[in-house]
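Peer 1: All chains should be built: construct the whole structure from the sequences, respecting the hints.
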Amino acid sequence: MRLADRHATAEGPPEPVLAAEDLSVELGGLPVLRGITMSVRCGEAVALLGGNGSGKSTLVRALLGLIPAQRGSVELFGTPLRSFRQWSKVGYVPQRSTGGLAGAKVKEVVASGRLAHRKPFVPASAKDRQAVSDALRAVGLQDRADAEMAHLSGGQQQRVLIARALTNAPQLLVLDEPTAGVDREHQQVLATVLAELVQGGTSVLVVLHDLGPLGGLIDRAVVLREGRVVHDGDLGELVAAHHNHHGHHEVEEPVLDLGFLDGTVER
Amino acid sequence: MIEILTYPFMQRALVAALLTGLIAPAIGTYIVQRRLSLLGDGLGHVAIAGVGLALLTGSAPIPAAVVVCVVGAVIVEVLRQQGKATGDVGLAILFYGGLAAGVLMSGIAGGGTGALSQYLFGSLTTVTGSDLALIAILAVLVLVPALGLAPQLFAVCADEEFARVQGLKVRLYNVMIVVLAAITVTLAMRTVGLLLVSALMVVPVAAAKNLVRGFYSTLVCAMVVGVLVAVGGATGSFYADAAPGALIVVLAIAVFALSWPISILMSRRRTVALVLPELVDDDDMDAPHITAEDHPHRHVEGCGHPSVQHGDHTDFIHQGHRHAQHADHYDEH
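Sequence order for the protein chains is A and B. Mapping of the first sequence onto my numbering: residues 1 to 267, in sequence order. Mapping of the second sequence onto my numbering: residues 1 to 333, in sequence order.
I should point out that these hints are in silico values taken from the structure, not numbers from a laboratory. Any given hint could be a false lead.
Claimed, not checked - Straight line, CA to CA, 20 Å or less: simulated SDA-like cross-link-like pairs of lysine to any residue:
#1 A:119 to B:255
#2 B:209 to A:146
#3 B:169 to A:117
#4 A:119 to B:148
#5 B:169 to A:120
What the hints assert, rightly or not - With the C-beta cut set under 7 Å, the calculated list includes, among others, these residues of chain A facing chain B:
#6 66
#7 67
#8 77
#9 87
#10 100
#11 104
#12 108
#13 116
#14 120
#15 121
#16 145
#17 148
To be verified - With the C-beta cut set under 10 Å, the calculated list includes, among others, these residues of chain B facing chain A:
#18 35
#19 37
#20 38
#21 144
#22 154
#23 155
#24 158
#25 213
#26 235
#27 236
#28 240
For glycine and all other residues, C-beta sits at the position ideal for the given N, C-alpha and C.
Peer 2: Put into structure tokens, the structure is as follows:
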């Protein structure tokens with residue numbers, strides 16, 4: 001989609017960059033996601049919330065085709081996942097695990113984010129190297145390019161993974177629990193980095209255990225519970241719904257612990 | 001030194017050793033990155049079946065071993081990708097099946113295990129001109145993708161899921177890695193032998209990881225170490241009348257042993273920032289608040305006490321305690 005097309009639809013709701021329809025996923029024979037219908041529209045920042053085991057990470061992985069779905073469909077930029085090839089439009093920030101990356105240098109990790117653009121056997125171009133240094137600057141790690149991943153703090157490693165996803169200048173950024181295990185100060189740094197991207201028009205889908213400092217840049221929240229969507233709307237509604245439940249005692253459990261909203265629930 | 005170059009069999013031996021030393025650590029870097037350090041050993045066992053088959057049919061051993069070993073490697077990788085190689089049992093059966101089949105076929109061919117032993121432990125000095133040509137072709141075949149596709153292979157080995165979201169054909173690259181490993185194993189069977197080839201794939205990489213930082217530096221350094229120990233071992237075996245394969249591996253382990261103290265010295269200089277995660281459970285239980293008694297000393301960066309990153313703050317290590325600043329006093333952490 002060209003930029004001009006995006007603005008052409010500005011009259012109605014913007015087109016979804018990511019849409020799932022009736023998505024069901026089983027892991028080891030157990031249903032983990034059941035009939036999920038959700039979307040991220042162009043320029044929107046969506047939080048995927050829910051407790052442990054609610055299926056947040058599974059959903060993100062199924063949306064990107066990393067695990068197969070038993071039923072339903074996923075479309076990326078209007079193309080069915082199966083035939084989607086423009087992966088440079090998508091930036092993925094997986095859950096932080098230093099395992100395979102521990103011995104690599106920061107710039108090597110970030111450079112691997114350019115592979116959707118690069119052809120086999122062709123060395124990195126000046127443009128590729130520029131993209132790497134720009135991405136490192138965007139997350140404020142330009143002076144750690146030669147450091148080994150294992151020597152960085154958790155928050156810095158997370159920023160490296162974000163920089164890796166940014167090297168393609170993606171139109172959709174998907175982050176899986178970027179704040180897990182990151183202290184509050186560095187969560188604030190992450191929030192600043194992401195806020196700039198959202199400002200620049202990048203669509204964001206972010207899995208969060210609690211909103212924390214990232215809450216400020218979220219347009220809409222999708223809340224999962226036991227593999228189903230229990231809320232899909234703006235954050236204000238979510239808070240209002242929460243207070244209603246408390247006032248009337250109609251529902252045994254709130255949709256969401258309010259701690260998710262003000263960030264008092266920590267991991 | 002020059003004397004050994006006058007013997008044609010030693011010239012061939014040295015070139016074969018050099019090629020093996022170059023290739024084995026190159027593919028070994030990816031194998032180690034994927035935490036499959038023992039894959040080479042298993043493929044060596046499969047290659048024995050290929051040698052047995054060659055002895056039985058009277059064909060050339062290297063081509064037969066390449067074919068059998070590549071087929072075995074692809075089976076292993078396909079089983080792994082389908083999640084069916086669980087518990088390593090399938091792999092073990094394949095590997096030991098290869099060894100047993102090789103020994104049986106060699107016996108039927110009338111050579112017994114004696115005919116196999118030059119492939120099990122290498123026999124560098126009997127490398128023929130045509131062997132060398134084949135080894136050189138295979139070496140180029142391995143080296144071109146191992147270096148030319150380094151960024152892709154690194155991405156696949158280090159973070160497979162991210163590589164998939166980049167649109168990389170991850171399955172193809174994974175198969176490529178094991179096929180390259182299989183070719184390397186058979187290529188090395190004349191130099192270090194099938195039982196020791198895995199050492200030449202893994203040990204130089206382990207040494208390089210101690211000596212340099214970063215993935216690409218490790219790749220290059222491992223290849224340098226590999227060439228040095230392979231050529232050094234081949235030369236040494238000529239003068240000491242020792243088994244070249246064993247000497248090469250012993251040299252590689254010696255380099256690794258020497259690299260250890262060097263890595264400790266280097267990491268001292270780098271002052272590794274150790275990070276202790278803050279243990280906060282979901283049930284909002286706070287750590288107990290214990291204050292340090294009577295603490296006139298003020299901890300600052302460079303005050304002489306070692307510091308450690310603890311969650312979102314810095315603890316200073318003071319007489320076996322971890323002190324963290326809290327308002328006007330220090331807490332015990």
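Peer 1: None of the hints should be skipped; say for each whether it holds.
Peer 2: Hints versus structure:
Pair hint residue 119 of chain A plus residue 255 of chain B does not hold up; C-alpha atoms about 37 Å apart against a cutoff of 20 Å. A distance of roughly 15 Å separates the Cα atoms of residue 209 of chain B and residue 146 of chain A; the hinted pair therefore holds under the 20 Å criterion. At most 20 Å may separate the alpha-carbon atoms for a hinted pair to count; residue 169 of chain B and residue 117 of chain A meet this at roughly 14 Å. Taking the CA atoms of residue 119 of chain A and residue 148 of chain B, the gap is near 11 Å; set against the 20 Å cutoff, the hint holds.
Annotation: proposed proximity of residue 169 of chain B to residue 120 of chain A holds, straight-line Cα distance about 11 Å (limit 20 Å). Among the interface hints, the one on residue 66 of chain A holds; its C-beta lies about 5 Å from the nearest C-beta in chain B, closer than the 7 Å criterion. Interface hint status for residue 67 of chain A: violated, as the beta-carbon distance to the closest one in chain B is roughly 10 Å, over 7 Å. With its C-beta approaching chain B no nearer than about 13 Å, residue 77 of chain A sits outside the 7 Å limit, and its interface hint is violated.
For residue 87 of chain A, the interface hint holds, since its Cβ comes within 7 Å of a Cβ in chain B; the closest pair sits about 3 Å apart. Interface hint at residue 100 of chain A: satisfied, since its Cβ lies 4 Å from the closest Cβ of chain B, which is below the 7 Å cut-off. Interface restraint check for residue 104 of chain A: the shortest CB-CB distance to chain B comes to about 5 Å, inside 7 Å, so the restraint holds. With its C-beta approaching chain B no nearer than about 5 Å, residue 108 of chain A sits inside the 7 Å limit, and its interface hint holds.
Because the smallest distance between the Cβ of residue 116 of chain A and any Cβ of chain B comes to about 4 Å, under 7 Å, the interface hint for this residue holds. The interface hint given for residue 120 of chain A holds, since its Cβ lies 6 Å from the closest Cβ of chain B, which is under the 7 Å cut-off. Because the smallest distance between the Cβ of residue 121 of chain A and any Cβ of chain B comes to about 4 Å, under 7 Å, the interface hint for this residue holds. Of the supplied interface hints, the one on residue 145 of chain A is violated, with its beta-carbon coming no nearer than about 10 Å to a beta-carbon of chain B, more than 7 Å.
Annotation: residue 148 of chain A was flagged as interfacial toward chain B, and the flag holds, the nearest CB pair being 5 Å apart, inside 7 Å. The interface hint given for residue 35 of chain B is met, as the beta carbon of that residue sits about 8 Å from the closest beta carbon of chain A, less than 10 Å. Proximity of residue 37 of chain B to chain A is violated relative to the hint, the smallest CB-CB distance being about 14 Å (cut-off 10 Å). For residue 38 of chain B, the shortest C-beta to C-beta distance to chain A is roughly 18 Å, which exceeds 10 Å, and the interface hint is violated.
Annotation: interface hint on residue 144 of chain B holds; nearest CB of chain A at approximately 8 Å, less than 10 Å. Interface hint status for residue 154 of chain B: upheld, as the beta-carbon distance to the closest one in chain A is roughly 6 Å, under 10 Å. Because the beta carbon of residue 155 of chain B sits about 4 Å from the nearest beta carbon in chain A, less than 10 Å, this interface hint is met. With a cut of 10 Å, the hint placing residue 158 of chain B at the interface with chain A holds, because the nearest CB-to-CB distance is about 4 Å.
A cut of 10 Å between beta carbons decides the hint on residue 213 of chain B: the least distance to chain A is about 5 Å, and the hint holds. Residue-level restraint check for residue 235 of chain B is violated (minimum Cβ-Cβ distance to chain A is 31 Å; threshold 10 Å). At about 31 Å, the closest approach between the beta carbon of residue 236 of chain B and any beta carbon in chain A exceeds 10 Å, and the interface hint on this residue is violated. Taking 10 Å as the C-beta cut-off, the interface hint given for residue 240 of chain B is violated, the closest approach to chain A being about 35 Å.
Hints 1, 7, 8, 16, 19, 20, 26, 27 and 28 from the earlier list are contradicted by this structure; the remaining hints agree with it.
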